Amino acid sequence: MNKLHVLLSMLVAAGIVSVIITGCENDDDDTPPSTTTTTSTGTTLTAPTQLSPANGASFNHFPRTTTLVWSAVPGAHEYGVEVQYNDGVSWQNYINTTVASPTYTFTFIGAQPGRWRVWAIDSDGDAGPMSGWFEFTFTI
Numbered sequence: 000m001n002k003l004h005v006l007l008s009m010l011v012a013a014g015i016v017s018v019i020i021t022g023c024e025n026d027d028d029d030t031p032p033s034t035t036t037t038t039s040t041g042t043t044l045t046a047p048t049q050l051s052p053a054n055g056a057s058f059n060h061f062p063r064t065t066t067l068v069w070s071a072v073p074g075a076h077e078y079g080v081e082v083q084y085n086d087g088v089s090w091q092n093y094i095n096t097t098v099a100s101p102t103y104t105f106t107f108i109g110a111q112p113g114r115w116r117v118w119a120i121d122s123d124g125d126a127g128p129m130s131g132w133f134e135f136t137f138t139i
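The opening position of the sequence shown corresponds to residue 0 in numbering that gives the first Met the number 0, with each subsequent residue numbered one higher.
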């Protein structure tokens, strides 16, 4: 009687879990088959740490070009970036985009409050947790 034996191995490195499954066709033969399947079961992403501009930063330069900087997240394929401005009544969406590296440069729209947050996205398109909002203000 032939039985299928399964040998399961797991490797965890840099937040990525890889599962290696090796099957053998019968009890008398412990030789692995000619192919081995390796499947990545996912990546544990963390929220990026915002580095610049600092929360509460105030700028008085024109044009209002600003570079956002945050820490790289192991396992991230790209990053989501969201920027909002306050029109005096409520927060309004201004930018919602993805970038490949942990920086993003943009020109803000006016002398008003703004805020930003970021999140990591893995190669499967799954998003990790968002950072909190960091607020900034342009005075001119």
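Don't take each hint at face value.
Quick list of simulated restraints, FRET-style, between CB atoms [claimed, not checked]:
| no. | residue 1 | residue 2 | range |
| --- | --- | --- | --- |
| 1 | S122 | N59 | 33 to 43 Å |
| 2 | A110 | A71 | 27 to 37 Å |
| 3 | I139 | N54 | 41 to 51 Å |
| 4 | T104 | T45 | 19 to 29 Å |
| 5 | G124 | H60 | 28 to 38 Å |
| 6 | P73 | I139 | 35 to 45 Å |
| 7 | G87 | D125 | 33 to 43 Å |
| 8 | S122 | P62 | 18 to 28 Å |
| 9 | G131 | T96 | 15 to 25 Å |
| 10 | S89 | T43 | 18 to 28 Å |
| 11 | N92 | G55 | 18 to 28 Å |
| 12 | G131 | P73 | 35 to 45 Å |
| 13 | T43 | T138 | 32 to 42 Å |
Just so you know, these hints were derived from the structure itself, not from any lab.
All of these numbers come straight from a predicted model, not from anything done at the bench.
For each residue, glycine too, the CB sits at the ideal point set by N, CA and C.
Against the structure, the hints come out as follows:
Here the CB-CB span from S122 to N59 is close to 41 Å, well matched to the stated 33 to 43 Å. Checking the proposed 27 to 37 Å range against A110 and A71 shows it holds: the Cβ atoms sit about 32 Å from each other. In this structure, I139 and N54 break the distance hint of 41 to 51 Å, their C-beta atoms being roughly 21 Å apart. Checking the proposed 19 to 29 Å range against T104 and T45 shows it holds: the Cβ atoms sit about 24 Å from each other.
Take G124 and H60: their Cβ atoms lie about 37 Å apart, and the range 28 to 38 Å holds. With their beta carbons about 39 Å apart, P73 and I139 fall inside the hinted range of 35 to 45 Å. Hint check: G87 to D125, Cβ distance near 36 Å, so the stated range 33 to 43 Å holds. Checked against the hint of 18 to 28 Å, the pair S122 and P62 fails, with Cβ atoms roughly 35 Å apart.
At roughly 19 Å, the beta carbons of G131 and T96 sit within the given window of 15 to 25 Å. Between S89 and T43, the C-beta spacing of about 34 Å breaks the proposed range 18 to 28 Å. For N92 paired with G55, a C-beta distance near 21 Å keeps the hint of 18 to 28 Å intact. Judged by the Cβ atoms, the range 35 to 45 Å given for G131 and P73 is violated: they are separated by roughly 20 Å.
Evaluation of the 32 to 42 Å hint for T43 and T138 yields a pass: the beta carbon distance comes to about 41 Å.
Violated hints, listed in ascending order, are 3, 8, 10, 12; each of the other numbered hints is respected by the structure.
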